[in-house]
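Here the protein sequences come in this chain order: A and B.
Read in order, the letters of the first sequence correspond to residues 1 to 336 in this note's numbering.
Read in order, the letters of the second sequence correspond to residues 337 to 672 in this note's numbering.
Hints are not guaranteed to be accurate.
Quick list of in silico lysine-lysine cross-link-like pairs, BS3-like style, CA-CA up to 27 Å [what the hints assert, rightly or not]:
(1) A:K32 to B:K583
(2) B:K582 to B:K357
(3) B:K644 to B:K582
(4) A:K293 to A:K308
(5) B:K629 to A:K247
Keep in mind the hints are simulated off the structure, nothing from the lab.
Protein chains: 2
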Amino acid sequence: MNGPDRALDETRSLVVPALRKAVDRLDPQLRKVVAYHLGWVDEHGDPTVEDGGKAVRPTLALAGARAVGADPSAVVAGAVAVELVHNFSLVHDDIMDRDVTRRHRPTVWSIWGEPTAILAGDAMASLAREVVLEDTGTGAPRAALMLERATRTLIHGQVQDMEFEERGTVPLAECEAMSTRKTSSLLAASTVIGALLADADRDLVRPLWSYGIHVGLAFQLIDDVLGIWGDPKVTGKSNHSDLRAKKKSLPMTWALEQGSADADRLRAWLTTGGTTESEIASAVDALDRLRAKDWAEHRAADLVDAAKNDLDGTALVRDAVDELCELADFICARKA
Amino acid sequence: MNGPDRALDETRSLVVPALRKAVDRLDPQLRKVVAYHLGWVDEHGDPTVEDGGKAVRPTLALAGARAVGADPSAVVAGAVAVELVHNFSLVHDDIMDRDVTRRHRPTVWSIWGEPTAILAGDAMASLAREVVLEDTGTGAPRAALMLERATRTLIHGQVQDMEFEERGTVPLAECEAMSTRKTSSLLAASTVIGALLADADRDLVRPLWSYGIHVGLAFQLIDDVLGIWGDPKVTGKSNHSDLRAKKKSLPMTWALEQGSADADRLRAWLTTGGTTESEIASAVDALDRLRAKDWAEHRAADLVDAAKNDLDGTALVRDAVDELCELADFICARKA
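With the rest of the complex left out, here is chain A (with noise of 0.2 Å):
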């Protein structure tokens, strides 16, 4: 295994224990629903083979405790804690979004229903906050204070993504800000809870800090990217789900500002037209022959550059530092 590889199965091997102890302390019926949101039952909840996700947060803590010298078994409630905020955001933005699939399967809601996807959600960001305030460490508050003012950036993101649907057509640079409290917020609060729980020094926090915002973006181009031209048997998403939704995206935000008749016809469609498999087709081409895809994944390609930079020339372990950008080149190669 290459060294991501390594570190996300260090991961698993270290975290996804004390996420299953977490969970465990839910009532029987959210435990069910959240073990099978995390991809570890079936909706009858008898065990699954697949491994629940990436598990990219939580690497990235465990990470981030090594960058400033400490040892990630003692910050794994941060690693549990971001885990479990990350997937409070998807079990409720899959109610709003009306999303019927996730990682290959059916969404919570659309199995239990919004009541209960609703209270699976509250759950879990409860107990994230919880697994945090429990560590008895002096790093403790300075870390469940900055994870909260993460989350709530996140729900800002949320907000904001909601109202560009109602808009006509969002600047670029309005798109990339929501994305950033959508997304980046809580891969940078991943990266810097367990350096944060070691009570680092703020001046190693910083760089890791900058370092999961331009991260965050870069995911959430490539995301964009797999929402518009993915392989849906790759992303465990419906097929351009996110052209269907009529989303504005990052490649699409900046399809529209360029002045261009695709643009115009974009724009069109984005007001008026339908989602036939025809009109998702020619808007497809529009994007095509604008390279948004070009464009979305050298914009991703740069920010991971600024990520890697954050870090340079700082006192972080350097061995960690070399995890982290491996880790965030990783993180932005999900190829469409």
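Position chain B relative to chain A; hints supplied.
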């Protein structure tokens, strides 16, 4: 003004400004939605003359602080947090229960839709923790952890409440356990959060917690009475709301256990009956013949006595204990 009214008034003057300051941190859209839910503005964002609820939980928080000899003004963060957690649960519960009216006004989801209501609840829950965690006192982490556990218990209670709707009958003991989770846990958390923020001794916190649990169940019993027999003008809910929803409330659950023709009638109505005016009326008649209202009011009175006994003979500050006893009477004096 009598004691409780004065206390509630003091609370509003001390807590509402801090609550408004906290809500001001939200993004403009959610800020408006939350301010509406709290009764400060109408749905267009224009100020109202409403006072935004009784503020029972913040009042308990300040009284609990006084009871351990602390300065209430030093624990306002705790009072703000419990009010935010309470309102987070109301906004999410209204979605799940499909309630369209709350405090004489349309509910958040019925005006802005479910996604916005989900996010408004999520944001209030997050803001509550943030406010507590920003308290730099030594008691804050303990207070935050207690609030988190109470929140999870409340969520567990709501899960059971929904599950009961699927079931034919529910034993009274189970129904009381559910109500204790759903209502008492946050009232108990409210009573102790001020004391915890003031870093009070466990021996002083324990009786306050027990008081809150007892008052909470009494509060729920009276709430259930109002849900069946309450005047919509007073309750702000629709007429016979709990009966229309065929809610397995405490009085209903008790009535079903009274082996009698009326109990059988109610059981039959719950399973197969309709909710026309006349069908609702005969359900009320059956409950009246069983004297379910008397049972609930007497049970509530016994619980209020138990709450007072919890505080009796403790080292808690006498005046504050008297205030808590008056509050217990006041909270459960709401008449149908």
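Now for the hints, and whether the structure bears them out:
1. A:K32 to B:K583: holds, 25 Å
2. B:K582 to B:K357: violated, 40 Å
3. B:K644 to B:K582: Between K644 of chain B and K582 of chain B the Cα gap is close to 33 Å, so the pair fails against 27 Å, i.e. violated.
4. A:K293 to A:K308: holds, 23 Å
5. B:K629 to A:K247: At roughly 53 Å apart (the allowed maximum being 27 Å), K247 of chain A and K629 of chain B break the hint.
In the structure shown, a violation is registered for the earlier hints numbered 2, 3, 5, in ascending order.
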